[in-house]
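Trainee: Sequence:
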Amino acid sequence: MAFHRRKKLWIPLLALGSVLSFTGLAHAKNAEDRQPKPNRFDVISGSLVLDKTTGLMWQRCALGQTWDGNTCAGIAAHYRWEEAVSAAGKNEEGGYHDWYLPEKEELESLIDPELTEPTIDLNAFPNNPKDMFWSSSAYVANAEHTKTTVNYLHRQKRAVGPHSVFSYARARLVRQADTKE
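The opening residue of the sequence shown carries number 1 in full-length UniProt numbering; numbering runs sequentially from there.
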């Protein structure tokens, strides 16, 4: 499943963001039983991974965290939606200048139905905050003031839904892996 992104289209859509929450399964597995899909993510550098399923390059750490050589260290920052979009536009992780706030489907693609609490691969995204993450997608019912969020905590309550652009959530950035801007 490859995602094709319209180049820099999200910039004028400041009022159209979303938040996604990564959640878990109704029948939670023990932590030692958790097995992410093998070889889905390739570590490109310590702080970046390539999703071989979608062709997207992800920052392993949420904004506000830093890669310390082993894990994502520190506390992920909380952003209002416009602040998250602005931070994405200024980000130059790995020497790339085309990072963006992911669309709902891109952010949701990180949910692994085989995993529980959290439903995100912690080998690829270590120390993932247990919180809502902004997407750039509008929530249809109120596109101007509501965006979609994803929460990777537990699938039973897989919170993929509305979140006011005036409230706070975390941010993880993505880019198309086939370009160097």
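These aren't lab readings, by the way, just hints derived from the structure by calculation.
Note that the structure is predicted; figures quoted are calculated from it, not measured.
For every residue, glycine included, the Cβ atom is placed at its ideal position computed from N, Cα and C.
Any given hint could be a false lead.
[As the list claims (entries may be wrong)] No farther apart than 30 Å at their CA atoms in a straight line, the calculated lysine-lysine pairs in the DSBU-like style are these:
1. Lys52 with Lys90
2. Lys130 with Lys52
3. Lys130 with Lys90
[As the list claims (entries may be wrong)] Label-pair distances were calculated between CB atoms; the ranges are:
4. Asp42 with Lys130: 23 to 29 Å
5. Lys52 with Ile75: 27 to 33 Å
6. Val43 with Gly89: 33 to 39 Å
7. Pro113 with Ser86: 17 to 23 Å
8. Asn39 with Glu83: 14 to 20 Å
9. Ser164 with Ser45: 20 to 26 Å
10. Val43 with Glu82: 28 to 34 Å
11. Lys90 with Gly69: 34 to 40 Å
Trainee: All hints are to be evaluated individually against the structure, with a verdict given for each.
Mentor: Here's how the hints hold up against the structure:
| no. | hint | verdict |
| --- | --- | --- |
| 1 | Lys52 with Lys90 | holds (26 Å) |
| 2 | Lys130 with Lys52 | holds (24 Å) |
| 3 | Lys130 with Lys90 | holds (25 Å) |
| 4 | Asp42 with Lys130: 23 to 29 Å | holds (25 Å) |
| 5 | Lys52 with Ile75: 27 to 33 Å | holds (30 Å) |
| 6 | Val43 with Gly89: 33 to 39 Å | violated (25 Å) |
| 7 | Pro113 with Ser86: 17 to 23 Å | violated (33 Å) |
| 8 | Asn39 with Glu83: 14 to 20 Å | violated (35 Å) |
| 9 | Ser164 with Ser45: 20 to 26 Å | violated (35 Å) |
| 10 | Val43 with Glu82: 28 to 34 Å | holds (31 Å) |
| 11 | Lys90 with Gly69: 34 to 40 Å | violated (24 Å) |
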